[in-house]
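Engineer: Spelled out, the chains give:
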Amino acid sequence: MKTLSNKSFDLRHITSWKHREWLDQCVSFDTNRLMVGVSGYESRSSDWIRQTLSELPNSERNAYLILGFAAYQQALSRPMNNSFYEKNDLPVVIPKDDEHALDIVKNAVKKRVDESGVTPVEVHVDYSSMPRSWYCILPVVLSRIVRACDKLYFWYTPGAYPETEYPTAGVEDFKVFSGKPNLNPRSRTHFFGLGFDKIRSHAIWSVLDPTKLVCFYASPGTRADYVDRVVHDNKDILSAADHVFTVDMRDFAYTYSRIAGVVREFNQLGDVILVPDGPKPLILASSLVPVVLGQPGVVCFHVSRRKIQQSEPVNVDSIGPAFGFSFSVLG
Amino acid sequence: MQDRLSDKLFEYSGPNPFHDSQFRAYDATKSQLEFYPTSFFWSLFNEENEILIGTRGSGKTALLKMLTYSNLKHLNYDIAKQHVTSRRYIGFYVPMNLEFMSSLPGQRVKHQDKVIFFQYAFNCSAIHAFLSELSEVLNDIFLDKKLRAEVEFNLCSYLSKIWFADREDLPATIIEMKGNVVQCFSSIFSRNDIMQATEIELLAQPILLPIKNALRGIEKILGVDLTDTHWLVCIDEAEFLDESCIQCINTFMRAEQRPLVVKMATLPYKHSTLATNQPGIFLEPHGSDFNYRQVDLDPESYDFVSLTNYVCNSRLRRCGIESDDVTLESFLGKEGHNDDLVDYYRAEMGELEATEDVIMSGIRGALSEQRRNRIDELIEEPEKLKHAYLKKFAPLYYVRKMRHENSKGNRTPGWFAGAKTIRRIADGNPRRFIQVMNAIVNAACKAHLTPKEQHRAVTRFCSDMHTAVEGYPEYGLFLSGLVDAIGNELQDKVHGQAMKFVGCGFSVSDDFLNKDYFLKALQLGIAYCFIKTDENSFLYSVTQDSSLRLSYLLGVYFWLPLREGGAPPRLRPKNGMITKAELSLGAPLGRKQVKHALDQLELPFDEDSQQ
Numbered sequence: 001m002k003t004l005s006n007k008s009f010d011l012r013h014i015t016s017w018k019h020r021e022w023l024d025q026c027v028s029f030d031t032n033r034l035m036v037g038v039s040g041y042e043s044r045s046s047d048w049i050r051q052t053l054s055e056l057p058n059s060e061r062n063a064y065l066i067l068g069f070a071a072y073q074q075a076l077s078r079p080m081n082n083s084f085y086e087k088n089d090l091p092v093v094i095p096k097d098d099e100h101a102l103d104i105v106k107n108a109v110k111k112r113v114d115e116s117g118v119t120p121v122e123v124h125v126d127y128s129s130m131p132r133s134w135y136c137i138l139p140v141v142l143s144r145i146v147r148a149c150d151k152l153y154f155w156y157t158p159g160a161y162p163e164t165e166y167p168t169a170g171v172e173d174f175k176v177f178s179g180k181p182n183l184n185p186r187s188r189t190h191f192f193g194l195g196f197d198k199i200r201s202h203a204i205w206s207v208l209d210p211t212k213l214v215c216f217y218a219s220p221g222t223r224a225d226y227v228d229r230v231v232h233d234n235k236d237i238l239s240a241a242d243h244v245f246t247v248d249m250r251d252f253a254y255t256y257s258r259i260a261g262v263v264r265e266f267n268q269l270g271d272v273i274l275v276p277d278g279p280k281p282l283i284l285a286s287s288l289v290p291v292v293l294g295q296p297g298v299v300c301f302h303v304s305r306r307k308i309q310q311s312e313p314v315n316v317d318s319i320g321p322a323f324g325f326s327f328s329v330l331g
Numbered sequence: 001m002q003d004r005l006s007d008k009l010f011e012y013s014g015p016n017p018f019h020d021s022q023f024r025a026y027d028a029t030k031s032q033l034e035f036y037p038t039s040f041f042w043s044l045f046n047e048e049n050e051i052l053i054g055t056r057g058s059g060k061t062a063l064l065k066m067l068t069y070s071n072l073k074h075l076n077y078d079i080a081k082q083h084v085t086s087r088r089y090i091g092f093y094v095p096m097n098l099e100f101m102s103s104l105p106g107q108r109v110k111h112q113d114k115v116i117f118f119q120y121a122f123n124c125s126a127i128h129a130f131l132s133e134l135s136e137v138l139n140d141i142f143l144d145k146k147l148r149a150e151v152e153f154n155l156c157s158y159l160s161k162i163w164f165a166d167r168e169d170l171p172a173t174i175i176e177m178k179g180n181v182v183q184c185f186s187s188i189f190s191r192n193d194i195m196q197a198t199e200i201e202l203l204a205q206p207i208l209l210p211i212k213n214a215l216r217g218i219e220k221i222l223g224v225d226l227t228d229t230h231w232l233v234c235i236d237e238a239e240f241l242d243e244s245c246i247q248c249i250n251t252f253m254r255a256e257q258r259p260l261v262v263k264m265a266t267l268p269y270k271h272s273t274l275a276t277n278q279p280g281i282f283l284e285p286h287g288s289d290f291n292y293r294q295v296d297l298d299p300e301s302y303d304f305v306s307l308t309n310y311v312c313n314s315r316l317r318r319c320g321i322e323s324d325d326v327t328l329e330s331f332l333g334k335e336g337h338n339d340d341l342v343d344y345y346r347a348e349m350g351e352l353e354a355t356e357d358v359i360m361s362g363i364r365g366a367l368s369e370q371r372r373n374r375i376d377e378l379i380e381e382p383e384k385l386k387h388a389y390l391k392k393f394a395p396l397y398y399v400r401k402m403r404h405e406n407s408k409g410n411r412t413p414g415w416f417a418g419a420k421t422i423r424r425i426a427d428g429n430p431r432r433f434i435q436v437m438n439a440i441v442n443a444a445c446k447a448h449l450t451p452k453e454q455h456r457a458v459t460r461f462c463s464d465m466h467t468a469v470e471g472y473p474e475y476g477l478f479l480s481g482l483v484d485a486i487g488n489e490l491q492d493k494v495h496g497q498a499m500k501f502v503g504c505g506f507s508v509s510d511d512f513l514n515k516d517y518f519l520k521a522l523q524l525g526i527a528y529c530f531i532k533t534d535e536n537s538f539l540y541s542v543t544q545d546s547s548l549r550l551s552y553l554l555g556v557y558f559w560l561p562l563r564e565g566g567a568p569p570r571l572r573p574k575n576g577m578i579t580k581a582e583l584s585l586g587a588p589l590g591r592k593q594v595k596h597a598l599d600q601l602e603l604p605f606d607e608d609s610q611q
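Residue numbers (our numbering), protein chains in the order written: chain A, 1 to 331; chain B, 1 to 611.
For the record, the hints were derived by calculation from the structure and aren't laboratory data.
Please note that the accuracy of each hint is not assured.
Chain A regions said to be covered by chain B (calculated; three or more residues, Cβ under 8 Å) [unchecked claim]: (1) 171-184; (2) 236-245; (3) 296-304.
From a predicted model like this one, the values you see are computed outputs, not experimental measurements.
Even for Gly, the Cβ is constructed at its ideal location relative to N, Cα and C.
Same shape as in the complex, but just chain B (with noise of 0.2 Å):
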């Protein structure tokens, strides 16, 4: 093993660097020194309606937020500053927390009500964050500071005419004419009835239309060319959102209202319909309308290793570990010459252990007699062996090693240990790279992080994860049971008697699909990260052809090799169907109804289907 930086807190008794996860808690400062802009970060400074589908800590928050005119300026990226420059992009920040949309009177009231109180309360948060960019754009164009207040003041008077007539006392600048707004949003509180709330026929007009109809006027005042800005409305925690709330904006995407265009966050699924609020009339992706957009990267990507490097330099920064070249492997150490499995396996078993013609001997071992046989086959050509055999099996043999040699009492091997794993681990997610980063640390401050000790804390680490599942929302209890079920097949797949080709993939049939809380677990699965799927099935939606896995934190925690496998075994019911009793169930399920739906799964693998 080469030298580590994490040895460097070996006995550091600060705080842990990360401890915080999210990326709300941080000032605007902060957020511009730890914000890593990734490519698909540039790709969404574009003229198209888009939705962002991301798992929770995908990073969905610190995208949005860094759209804004007001952070992207901090941005010292050469792009950056031409946005800002040309102003082509000025993104306002719109939030719809789950205090905010469950605070919001009439969750009870008919649907055209319910509707007016969320267009009402929408347009309020809306136009009081696009008063704070203007203020921004306005420090940017005029220096001068009377010719500023002077701008400012024909602003407020005009924007007041449009959108608070009905007061008296014009509010001179943006600061008392945000209070305007926050005045109105207030009202809805106190009125038993929505219509009595203040300005309500300026306010309740469909999403966003006051900003549309005062953005002709705002370029005249301003005096300033914006013929080719974008609005960019950045929308966050659509999740929250019920399908009232989502067809007004899905009215708004419907309708050609550029120079306003929207970047919607969400989780996957979540954007649950198409309808606009105008009968009849769908929302089109593709596209057409909008398109969907994927968050999370993949763990290998370009984009998650210079990200997590990133976040490694910036936050070890902080409790003294500074260099340029601080990344997870310096931090965390690289066995042998590429840090690969092999040499993880090398350093538990031994040089002659990791040897080629050893490794082979113990596949063939582990396999099925079949297998043997046409290992044998092949003995006189050695290339088609190792391909065949040598590549595709050794991942399973080294985990199925491992875990054998961690069942000796007072053995830990270092076997979920290294960057490349810990990386994995995240499953491309940035929260969940630091969260495992939070326990590596921990870790690294009461012994040198030897990859057994990286194999302890991230073992801890998963376990404490996998136990969570359960009391996740709605089918929390459902996921949960499921996760097990099927970790336990694959984990008998790899440690049983013949080891088969697998990995953390599965697939599944119709037949569970078309149960409503199966589907349901799944998804809350994929929307927290512990169920990965291909990109198709994420943006839209699971079907039978859905390839689908375990997340890697899973993997670790039922000893399984990190990769998705060959064909994955499809997930179908025992016997080839479902009994009347599971057939009656309702959703939720009760602890002993989740074992008896869970008890008609089974994971079969056709050797033969395999190969």
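The shape of chain A in the complex, shown without the other chains (with noise of 0.2 Å):
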């Protein structure tokens, strides 16, 4: 495996966004763009794009790449999806597998830096629906592509999520995503990112044996009494934390500032170990911080979800404006 590092890689100079101010401030940029959206079941995975196409001025300057689930082709709003893309002449791609899903998407980047000469070029990715498997890597694989010029945007729409119990969808393996551990570090601190899967998350508590553990949840999050449920459905987690923070999502910047300044102060002690779950903003930020201080003792897990066969996919509409944030390289 190789470890994840990126040393052009700079989140200091982050900026988050609301979609609706970047599209009042879009048109003054001189720029060209790629934008990178998905079609999947859930009605939320078109909407970033719906939005974006209906008030961009149509030019040239403006491309769009579209990748589509091989899984779950009829499934939920899937044909809807495939439809608006379809009548916005929209190719639908659909890779082989993850690895196939990065090369499109960096080919696509790669060509569009390359066609654009010194024009400076924005690259958007709707995030929303895509697994963590693309998303967490993207901002680094495309930070190796992009020039100091460029720019890469990343954008997350939330989403409403069934009232009932959501069906767990359990551990199944343990995987470093980033960065590497100490030798025998003095001692090990687990970070948890909580979410609405308790069953996950006691699972994953009880194969880690956490040794110091330190949570933390969105707050402001999606709506309110999601934050409620967060932390009455995860209290037996919550009760046996050294230290308990909260990250408002939609502020990305903040929340991996946040994020990162937690993880330095327990790295002093010895090794943070994060294990990141509840909604993708706090996921992705979460990867990024071993990939970001590159520095050893910091480390941190995927834990893949049950593969079962016949599970049955939970639709996901919106539920507010998407938010994002920009980043760029250093030259």
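Combine both chains into one complex, guided by the hints.
Structural biologist: Here it is as structure tokens:
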């Protein structure tokens, strides 16, 4: 396994965006753009592209790349999403696997940068419906392709989850996504990002046997009652934690720097092992922390969900305007 | 009910002293304060390679950490002092945690390279730990600082020549030397080819060989006799090792490598191979090359009772309950004279209902007609009747009546309560004990801890733990369905129309054990202490002769008597065979498949065979 690292990656100069603000300002930016979206069974998977298309002037400056998932092609909102893209002449490309998906995006970005000459390029990725094996790695791999004058944007549309008990995804496999551990550290602190799946959180807790435990979750979250639900469902884990903090997931710059700040604090005592769950912006921010800090003793685990046959897809409608962040690479 | 110390916690708003349940969270002072050395702990000081098999939370890490020289010397026991003074056993702790193992480069390389990566990383970790303990030994031997520094310098020169021959800057202190080891370890992350890692030839040798090669010289430099010293290599969390890594450790154990002795902790069934790195050579258990040892304690053993009392005593001090005679019993209070089941039953149902005659009559009424007839035949022989029915069926009858009481609106019996029950729920697992105590102390802060309040806290805790099973890795979904199927069947036998002589026990037939997912789910349940089995099956493998039972935690959830029961019912396929559709199933199973597989199970109970 190659350790994820990127020396030119600089999240100190990260900017949080609301989609509305960006739409209002972007007409004045002299850039070429590539928008990367997906077609999935969640209705929100086309929302960001839908709104962007409707408000951006039709221009050759704006190019689009839509990836589709091979599974569940007839499930829930997938046919509707496909038909929307079709009507707008945006072909849906179906990658063979995760690696192929990343290659398609990398090649599209490279092509866009190459054909733009001296004109800066904005790459926009709507990761609302992407799997974590795509969206966590894209900031790192794309930052190796773009130039200092270009900008990478990542957008997220918050979703409404079913009120009823959400089926647990369980846990399957624990993989180090980023970072490397110290040899025989003095102590180990596990950082758990919490979400709705309390059974999964409990299973992760049981397997990892945290030494010291720090928990974090989104607050304010997508909705106030979501925060209450996370606190209620995870009360056992929260009560076992040595430290708990919250992050405002709509402000990615704050979320990232808050997590990185607390990680640095605990890293003075020994190793820090991040195990993110919950909303995607939290998972993304946590996954990037070891990459950006680049020091031994900070590790991020990705815990894969149980891949069971006959699992039922769950629809996720958008529940508010998209938000995101942008950053550039160092020259 | 007698006085309860827990009443002192009523309206207490400070931190719950049971909120942390991990030994690893303890600093040096705290670990010595909270570590209770059981007889099992002392038995680990021997010259045999041993693999310690224990469920999650059974205290493996605590045992291994306390075997280290630096921790042992702080234990205030005569045996510990003897071992330290004689330097007969010097332990060093080598963790194999998940992030260590899964961050190692070479996860997807060919077998031979993988072995080299592992040996290199393992040796770095072992040398680092060895140096830490060597430093402690130095401190104890050389009280004169100048002399100590001189010996340390000589030691470092000697070890550097053995371990870091390529380096020009020789370390003068052990701290610097540990820094060198860290640098070597880091080098494997920055090289694409493992063969380019720093000091590859020395550090990628078979595991522990670099240390073994250094031992004789160390003895000379220290100027002390270490002829009788055994260096205990305490390898923790070996459940995260794959077969190729286990083979490296097996190879070490197979070869006569004393005075280095392995004490390796892992989960049940995770020491998955006896193969070594030499084709055709296998490790032999039963003392030849190593022994398996079971870490989990019997919930009613002297060791577990003492341990739980010790934990209560030391933890409750944190919230101001300070007295040498704090025990679990004094904290929870005792019911009646003996704090027995009948005492709790009496407290709920009244004196009259708890008399032998009334209970016997109740038992008679709850049994099948066939059994009622047998009771009637014994009516003139009260002693036989008492032995064959009263003693045997009373625990079943109590729990049956209590559940019935519980089903009445607004009625909560104080049933799953008291020290004996709490220890049974912990099932010999210290962490589970701390977790259930966490729930109980939370309840004690809000209300006086009557048996009813204890019952409420305990049943809520057991229900939460039961819910969590589903999320466990790999076969968690199937395990969850399996314990539910078994629990419901047993519940039906206790609370159904005619009460049957069962407890939490069951057994399985080979038809099921031949199914990989079934066996793996059972093993997962045993590893996480949701299913208990006999020692042989725990250490080796589950067979159709294994005695199995649901953990008492699940016994509470399903309202079962917290005991194994008589001859446990055997799980078997309905209609005597497993259908073709089921045979084609492959793991991991989805919900529908789990249901399909479990719908074919039954726990038949042959009334006549149980007597």
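Engineer: Next step is simple, just say for each hint if it's right about the structure.
Structural biologist: For each hint, the structure was consulted:
Only when three residues or more bring their CB closer than 8 Å to a CB of chain B does the claim for the region 171-184 of chain A stand; here the count is 12, and the claim holds. Three residues within the 8 Å Cβ limit are the bar, and the region 236-245 of chain A against chain B gives 4, so the coverage statement holds. By the rule of at least three residues with a Cβ nearer than 8 Å to a Cβ of chain B, the coverage given for the region 296-304 of chain A holds, with 3 such residues.
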